[in-house]
Amino acid sequence: MTEEIIIAGFGGQGVLSMGKIMAYSGMMQDMEVSWMPSYGPEMRGGTANVNVILSDERISSPILRSFDTAIILNQQSMDKFEHNVKPGGTLIYDGNGITRHPERKDITIYRIDAAEEASRLNMQKVFNMFVMGGFMKVKPILRTEYVIKGLKKSLPERYHHLIPMNEDAIKRGMELIRKV
Amino acid sequence: MEKELRLMKGNEAIAEAAIRAGADGYFGYPITPQSEILEYLMEANPQVTTGMVVLQAESEVAAINMVYGGAACGKKVMTSSSSPGISLMQEGITYIAGAELPCLIVNVVRGGPGLGTIQPAQSDYFQATKGGGHGDYHLIVIAPSSVQEMADFVELAFDLAFKYRNPAMILSDGAIGQMMEKVWLKPPKKRSEEILPWATTGKPATREHNIITSLDLDSERQEKFNMKLIAKYREIEEKEVRFEEFMTDDAEYLFVAYGTSARICQKALQLARVEGIKAGLLRPITLFPYPKKRLNELADTVKGMLAVEMSAGQMVEDVMLSVNGKTRVGHYGRMGGMIPTPEEVVENLKSFIKG
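Listed in order, the protein sequences are those of chains P and F.
First residue of the first sequence? That's 1 in the working numbering, and the numbers climb one at a time after it.
First residue of the second sequence? That's 1 in the working numbering, and the numbers climb one at a time after it.
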């Protein structure tokens, strides 16, 4: 099994940290993992993206052009990456701020209105974990218990009291996601 | 103590590996995309655990001269920077090579020339492998292609540097520096207490002066010294070549690539094989010494070699020198911080095959 993922959105949406939690969780499940971020000016207020690979085998290229799953969190990223999903692959997007919805017929498209729900529950801080929950629901590769372990590993201890909130967001995200 | 598994950036892996390798000192100046090395070391504060000194110098020029001083005392010292910073260090580096001192210099390469870009590149190959500073000298140059190797090669580089009393360089790039992968860390080693016989540590009555210098105004003696350096480089070329091969047994076309490009070529060769092209890969791990002999052997069995690198074509010259006309050699490169994708490498292999 090899899952090649791109997560893309605005800097500050938790794109890189979601990828990091995926990588940590994969590592906890004894998988090979890689996390390759965009870095530099594009992170400073612009678009941010990260390539995450989860695999049972040694990972070759950490830098990819086509993906099994694209998680898209803004319009610019939709324009840039919709066409890079492999035929038969998966596209997950948050409808918030999307003016042109994905159009491809040869991939499975899911929508998760995570930003809206996070704001309704006043849980904006863990917005990315709603999306993560959606991903975990439609691509059952990472298990919640390992994601929690991954969170413990990746978060400094002073934030560990926020882990239950992250877990709630994951659960809600799993309910929220729907096929388009 | 057992090995420890962590998820780390390449830059962080270098920093942690340096502490665990028993390094005595790190001197550096921040520059993207390698600032995490200095940041990690500052936060880890190994001064209180192993006694390793970590110091942010006032400039790259100062940092490399602190390395020169530490190395002259026989200490295991290092610095790191990225391309423009490494250019600033060249005077110090050639002095260290001329004074035959061991040290580790890490270059996490970004695009150039000049300030260029902060994105990954491999355009410092000539600078790293052919000298860089003035005078006839070589660094030992090792090119990691994973976060694991970023960690492992710190100790390897120090070992080779001390074995040959020669500066060693880890030539990485912004992609490997910034990416995170699993890394198994070795148990920490204690810093060495040994006083090396050539080190300038204060003259006791029991031995002659130890003199560390790169200056000799007597040309006959200087030429003899040059010959001695050349003999050392030949010995390194004889004994220290390292490389890795992928599917070369039945390969008709061979990618030659190091570092990040080698990872991309691993994927590209899988894609090419799906399309029926028997592709293989030779990944040089040491760039000086370069795996000339092996490439020359492979030139007898393949129909062509394609050097893939994030530069306008630098390492490809060593491929050509290695095969010496025995087979076709092509080049595919991206520049300015652009990273080739596996798919575009395959497309370029196809047009190379067409000729």
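Bear in mind the hints are in silico, worked out from the structure with no lab data behind them.
Keep in mind that the hints are not guaranteed to be accurate.
Derived PhoX-like pairs: lysine-lysine, alpha-carbon spacing no greater than 20 Å straight-line [what the hints assert, rightly or not]:
| hint | chain 1 | residue 1 | chain 2 | residue 2 |
| --- | --- | --- | --- | --- |
| 1 | F | Lys182 | P | Lys149 |
| 2 | F | Lys182 | P | Lys153 |
| 3 | P | Lys139 | P | Lys86 |
| 4 | P | Lys149 | P | Lys139 |
| 5 | P | Lys152 | F | Lys189 |
| 6 | F | Lys182 | F | Lys163 |
One side of the interface only, derived from the structure: several residues of chain P facing chain F at Cβ under 7 Å [said to hold, decoys possible]:
| hint | residue |
| --- | --- |
| 7 | Met27 |
| 8 | Met28 |
| 9 | Met36 |
| 10 | Ser38 |
| 11 | Ser61 |
With beta-carbon atoms standing in for the labels, derived distance ranges [said to hold, decoys possible]:
| hint | chain 1 | residue 1 | chain 2 | residue 2 | range |
| --- | --- | --- | --- | --- | --- |
| 12 | F | Glu39 | P | Tyr159 | 49 to 57 Å |
| 13 | P | Glu157 | F | Asn324 | 56 to 64 Å |
| 14 | F | Glu2 | P | Lys179 | 41 to 49 Å |
Ideal placement from N, C-alpha and C gives every residue a C-beta, glycine not left out.
Q) Which of the listed hints are broken here? A) 5, 6, 8, 10 and 12
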